[in-house]
Amino acid sequence: SQQGEEDPQALSIQEGENATMNCSYKTSINNLQWYRQNSGRGLVHLILIRSNEREKHSGRLRVTLDTSKKSSSLLITASRAADTASYFCATDEGSYIPTFGRGTSLIVHP
Amino acid sequence: DGGITQSPKYLFRKEGQNVTLSCEQNLNHDAMYWYRQDPGQGLRLIYYSQIVNDFQKGDIAEGYSVSREKKESFPLTVTSAQKNPTAFYLCASSIRGQPQHFGDGTRLSIL
Numbered sequence: 009s010q011q012g013e014e015d016p017q018a019l020s021i022q023e024g025e026n027a028t029m030n031c032s033y034k035t036s037i038n039n040l041q042w043y044r045q046n047s048g049r050g051l052v053h054l055i056l057i058r059s060n061e062r063e064k065h066s067g068r069l070r071v072t073l074d075t076s077k078k079s080s081s082l083l084i085t086a087s088r089a090a091d092t093a094s095y096f097c098a099t100d101e102g103s104y105i106p107t108f109g110r111g112t113s114l115i116v117h118p
Numbered sequence: 245d246g247g248i249t250q251s252p253k254y255l256f257r258k259e260g261q262n263v264t265l266s267c268e269q270n271l272n273h274d275a276m277y278w279y280r281q282d283p284g285q286g287l288r289l290i291y292y293s294q295i296v297n298d299f300q301k302g303d304i305a306e307g308y309s310v311s312r313e314k315k316e317s318f319p320l321t322v323t324s325a326q327k328n329p330t331a332f333y334l335c336a337s338s339i340r341g342q343p344q345h346f347g348d349g350t351r352l353s354i355l
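First to last, the protein sequences are chains A and B. Taking our numbering, the leading residue of the first sequence gets 9, the next gets one more, and so forth. Taking our numbering, the leading residue of the second sequence gets 245, the next gets one more, and so forth.
These are computed hints drawn from the structure, not numbers from a lab. Treat each hint with caution, since some may be false.
Cβ pair distances, simulated, as ranges [to be verified]: (1) B:S311 - A:Y104: 18 to 24 Å; (2) A:E61 - B:I354: 43 to 49 Å; (3) A:D74 - B:D303: 25 to 31 Å; (4) A:G24 - B:G260: 51 to 57 Å; (5) A:H65 - B:D282: 31 to 37 Å; (6) A:K77 - B:V296: 38 to 44 Å; (7) A:E13 - B:I304: 17 to 23 Å.
Which bits of chain A does chain B cover? Going by a derived footprint, with three or more residues having C-beta under 8 Å, they are [stated by the list, open to error]: (8) 51-65; (9) 104-110.
We put the CB at the ideal spot given by N, CA and C, even for glycine.
Isolated chain A (complex conformation):
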């Protein structure tokens, strides 16, 4: 089954810097979702972007989608130590069953 692939696998930044992580996928999608997972916890939904949308914002989060390149990016602005977590993209090809990537591990140093 299709799987989004996040890049980079790991990212380490200082508090206040921006963090950008990318997701690439292989076939056409209905929507793409980003989730966050704190260590030892379940995933929490952040943003859903539909295939006919190019950009969405939520607080310090900005998600873009380029369907021609089959890629999405998640930007976290002015990162905080509390943003330390793993971030996953999930693609829905129309089956309503999202397929998750392997995630980007983000560490924000205070």
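On the provided structure of chain A, position chain B as indicated by the hints.
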């Protein structure tokens, strides 16, 4: 407070033993899912159910079984046929086509 509750948080399995992981939701969601998470592997779908009394195999169903007798409950049994069961198991629920809500997982280890 609406949400998904997984229990227990930690579980240990002996050789040849079946163990059952509990997942309960009070979000009135029709769809429920079980995922397995191994380090560096992301989430892999074990089983999903889109309606009561019906469920479908995911990508890695071998060695696992489920039931969906009630809308609120979707227990997962890890059978003795699953030779490498050590992992973090996540349950999720959703309205069809909407983002998933996750429980806080059960960590299963072998004794």
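Going through the earlier hints one by one, which of them does the structure break, listed in rising order? none
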